[in-house]
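> These two chains come separately, so use the hints to put the complex back together.
Protein chains in written order, with my numbering: chain C, 47 to 526; chain V, -12 to 352.
You can trust all of the hints, since none of them are fake.
Distance condition first, Cα-Cα at most 30 Å in a straight line; then the derived DSS-like pairs of lysine-lysine:
1) V:K112 with C:K131
2) C:K423 with C:K436
3) C:K388 with C:K398
4) V:K212 with C:K436
5) V:K51 with V:K14
6) V:K198 with C:K418
7) C:K233 with V:K202
8) C:K360 with C:K383
9) C:K423 with V:K218
10) V:K112 with C:K197
11) C:K391 with C:K131
12) V:K63 with C:K233
13) V:K210 with C:K418
14) V:K112 with C:K418
15) C:K260 with V:K51
16) C:K260 with V:K59
17) V:K212 with C:K423
18) C:K423 with V:K112
19) V:K210 with C:K436
20) C:K131 with C:K360
21) C:K260 with V:K58
22) V:K112 with C:K233
23) C:K423 with V:K210
24) C:K473 with C:K404
25) V:K58 with C:K233
26) C:K468 with C:K480
27) V:K59 with C:K233
28) C:K423 with V:K268
Because the hints were derived from the structure by calculation, they are not lab data.
So you can see what is in the structure, the chains are spelled out below.
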Amino acid sequence: MMKPCYARVVMKCSGARSILERNIPCRIMGRHKCSCLTLENTFKCYDLENGPTMDVELSKDDALSMYTQMLECRRFETVAGNYYKERKIRGFCHLYNGQEAVAVGMKQRLRSCDSVITAYRCHAWTYLMGVSLHEIMAELFGVKTGCSRGKGGSMHMYGDRFYGGNGIVGAQVPLGAGIALAHSYRKDNGVAVVLYGDGAANQGQVFESYNMAKLWCLPCIFVCENNHYGMGTHVRRASAMSEFYMRGQYIPGLWVDGNQVLAVRSATQFAVEHALNHGPIVLEMSTYRYVGHSMSDPGTSYRSREEVQKAREKRDPITSFRSQIIALCLADEEELKALEDKTKKQVDSICKKASTDKEVELHELHTDIYAKNVDGKIRGVSGFHLEHIKLAEVCFGKPKKTPACEINDVPVGAAIDVAKAKERKAKQDAKKAKDAKGDKKGANSKPPKGEDGDKEAKPPVEPKPAAKTPPTKAPPAPKK
Amino acid sequence: MLRTRLIQAASSAQRAFSTSQKALAAKQMTVRDALNSALDDELARDDRVFILGEEVAQYDGAYKISRGLWKKYGDKRVIDTPITEMGFAGIAVGAAMAGLRPVCEFMTWNFSMQAIDHIINSAAKTFYMSAGAVNVPIVFRGPNGAASGVAAQHSQCFAAWYAHCPGLKVISPYDSEDARGLLKAAIRDPDPVVFLENELVYGTAFPVDDKVADKDFVVPIGKAKIMRPGKDITLVAHSKAVETSLLAAAELAKKGIEAEVINLRSIRPLDTATIFASVRKTHHLVTVENGWPQHGVGAEICARIMEDQTFFELDAPVWRCAGVDVPMPYAKTLEAHALPRVQDLVEAVLKVLGGKTGKAAAANK
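Just chain V, with the same shape it has in the complex (with noise of 0.2 Å):
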């Protein structure tokens, strides 16, 4: 009941600031159909791609994201393997390495902890050991981040993790635009990839433009999208916090407050340019991720625009909303209050805004 209300204030919030009536009747592709229909697209473009992964061939995937691909192309290039993340996450790096472009998935980015040797020290840092000698062209991919009541184990955010490793590149998709066309460029990028996607938005439908449905729609990869520009205040976010942020946005117009939120798309490389020039505008800024707070996303961002010019462009410091500094509990109110929530971004927003309201704060520029 809370999600559907959630996913319609989600969409509400993205249909509020789109200006044409063409925005109304656009297409919805929900998150799923968007990967799925990548996937389709880059395994019928080229033949060197194929899937592997727990379930994803006679299962439709366990999260049906590869739902129908067995069927249409074949044990050849949708691979069921056993439960060995370290040998069938090796097995596609070498793969890889010899020329194809697997595409390898985590049923969780929990899981990758078992191989994460494997996409360190075999996928990253190759092309740089071997002088360019060999590439990776792979992409991992699977849910990351917290779930619904599934606990310490299953809930980690990786964002940071694999972020910190020069050779990588990290996505963090929010919606069906960035799903698909972030997933398209990964799969066509010649260094490995890590695509952090968020299994609770996998069932969220989401307006498209027809040119999503495109066969070569790409969205490229390093650069950030401004979801609703704002005056007031920065909010910048990646993954499921872009909808937490979007929400928060929507209560703070309330309040006379405009905020702009940007969703980065990608983690590494971070679009600091984006950010920075959202901040000259609006002269504050809150990040917002759901990961852990120490060393995280909005650690790196603090650190970044303290380096650059633009520090002498903020008002008041930079704040951070992270996820809460413990393991997942299980327990459905502990699990609420363990991530960002709207009222928390609110707040937030407020005490770095220094308690002005819209006006007032508009008054002063």
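Pulled out of the complex, with its shape left as it was, chain C reads as follows (with noise of 0.2 Å):
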């Protein structure tokens, strides 16, 4: 059973003026755009004769960006730990706290075109991969701007080429090859990112999916986020083999130390040229999560206090980046103090905001069940009388997800009826009003009533006496 090594980072400061090795920070020599430094005990090989590059190049720019994004996820799932206890969120929900340098470093690495499809502890990708976090955590809240409408929760959010949030232990690994299957089908040059837990390891279709991976050759990349628990289960409890990097067997391994955001960044590297050149691997990043597996864990149970206290020293790896920043003369101390309030200050205001929209409508019950529905009614409790509804635009089975700002409210049922009503009265008063106006101008016809039906009909500039038929096309602006 391997104990989680520590990396020992040498660096090695070549700035603008100096290539001399030193062991302390620089300061005086001024700060750096960009260091170089290398890596120790991050890596182990299976069955790969040349590991990821050691040797890091890390620009300022890149530095402060992963070191902020780290922070936003870790003041998320903090926020969102304290929301849970307030009763504010419901269900399930998975905290990412601690694994943060995985997902950060692993999108540094990713094309816009590489498709990631992960477990129940999604938050942290979910952002990632290009869903905000107002919309995050409305999701959790249930609230209608929730990047599911509130109908998924924490569980299932989905992005651009990200599919989600998946809740069923394992399930997501098949389902992973086969967007690596869809990326090879198409030829299209990306990979699939395929993530899961040391608890999920010792699921039988993760072993399928391996098989299936490795015959066709298909550009995923799997990768096991070793934290050591499967829920309270200690991984030499649950696995008779820990090595998650060498489970699959007949597929390359590589180990890394999930907790260094630059060694996961560099493997992440490594990992995309093999997909795509020599078909599946196995990542293992062993990491650790300080919070329990959920919320309805209090995570001491089954470890001690200590070992949770010592991991946050040790290895934690957001105070690891921040020394190797300093260490390497990319930023100061006042620098990074700053950005830390600001990150703090800015993600507590979205999660606040996002505590204030408008609950999720009741006739989101019954809408989107399918993408083409050929069912009359959708039975309620007692009796078929709900109309499905659609929202979401799918057009040739490439859905298009409809933004939160663009849904709008739909009545259902009766209130369609009214709703007409009311519409209607309101354009006849509309024009009543014009007309008193143009009354002064010449005599005017009154305008035909329209059988309004579900046409969006606007009145008509020039009022036809004899045409019955409302317009066809919408009618150019008219002149106000």
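This is the structure:
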């Protein structure tokens, strides 16, 4: 049973002025735009001749961007945990505190054509794949502006090329292999990153996926996020063999210190190249979670507080990266402190704002069950009275998500008639108001009463007394 | 011997009610060819369609449904999988999420239980959970229900199981026209579809119109078909039970009872409009299925008719004829008695009608 190894970083300051090796922070030399460093003890290879590069370059921009992302993820999860305790968030809530480096580091080297699928500990990944923090927090609250309009919850968030968010342990692995198959089918040069935990790593379907991925040479990166606990069970009690990067047997594997964001980044670069040229690869990211499995698990009944404390002190991805940035002279203490304060405030305010959003509406209950509903009505509790509403646009099987700002209130059932009557009345009032003004200009015949139906009939500019058919095309912008 | 007689009887039962000469001279198409040609058309029409399953490619299909397709379209479009249903069903669903249109074959629907988590949790629920962001345009297909002598683990009917779940569309075709049109509709549909075929009718040739051979011939999902009009009693069935119903209707006709036979075609959504319209005409209903009775298709139809005004049109309670509530036995006689036979249906109909003959029934109307 491998104990997690801590990386020792030997830093080489190669800024604009000096190529000497130093072991002390060089504040005297001034700030650097970019630094190099050599990673140590961060990789172990299985069935691979060469591993990822250990000499990595880190620019100031990248450093600050990664640092900010990790801070945002950490703060967001903390805030979510607090809201959960206040009962504003319900059901499942699996937090990523301590594992941020895996998501942030990997995303740095994924390209826009790559796909990602993960399990239920997905908030950080959802954010990094392009869904705003506001939408994620709103989804946790179950409000209208959530990324799944309140219908998915913590475990079912989706984004562009991000397929969730999956609740069933291990199910995302064959799904991810299928996404890799789609990349290979289309020859679009993308890879699929398929994440799962040490608990899921023993699922049969994972091995079925390994088999087919290897047989068909799919561009698939299997990533085991080994936080050493499957819910309350330590890996040594769950897995007969806990070297998860070797479990692929006939698939090459790579163990990575998942709390070193630079190591993760380098490993991802390597893995993407491997997947594109040689087929599947299994990565094991050795990491740790500070919180329990979910909000209903305090996380202390199966491990000691000292263990958690030690992990926070020795291996925290954020504080260790912070030290690296300072030691590499990419930023100084004040800058980072300012960044931390700013990020904390921003995340807090976004989450606060999300908590004031409007609750999801009742008609969502029977909205978007099918992309193409052929049934008459949906059965309610006591009878077939619910109409299937379609809000999302699905075009030729390629779904287009309806952004929150475009979702309108859609009345249902008897309310449709009431709403239409209101609309008609409002239009007639508007017409009357206009006629009252227009009367002064000349005799106008009464505008015909339009048979509204479902058309957005605009009041005709020149009233045609003989016209009975409503305009089939929207009339050009009426002169006002 | 008995089988060919049954096939002939079924065909003649249909032909007897086709009024045009054209129908008699119409093309014959087996269900196997109907499915094969449907797959062929859809593979040609849309690049995103591909087939995967056990033995679908180089073996030409375990039941030869995909015969010739691998030769024509190659490894990319027709993929042989290892015997890992959970894995390859998951892979198919993932590919569908990513925008392809897989047709995932289960060698029989009994093996779908290995993969049922992917059908329900990964395919059916995703569109709703993602509020329409991700749809899953997949078709799961394969032979369903009892075959011949394959015993308990290989004879279960899954119509009720899958039709229970919102988010899925469940189709159960009977003849070639159904098979071809519905498979094409299913492949073109943007939602996950469970397509329940029947092994025993694969080899049966049915007369089909010329329009069935058209590249764009599609049968709409969710609409039942009246196979045989009648006025005394309605028989509602799906898949193989339609054949039993037609044969029973022929028997009943000799007794002067005109039974209306409805072929459901779709289990979910259920075409209650057609059933209710028929019941308004005949005032009696018997549902026929080969699956088990508890929580089955017939049970659903009974419940729905009670929830509708059409209940008041009934002159007698609805009756269900279903498979006997036991795991399927192997021995031939036992197996034959485990499923509704023609005489079982005829007896049930006579009981529901209260033992009246056709004439008396007509006089009472």
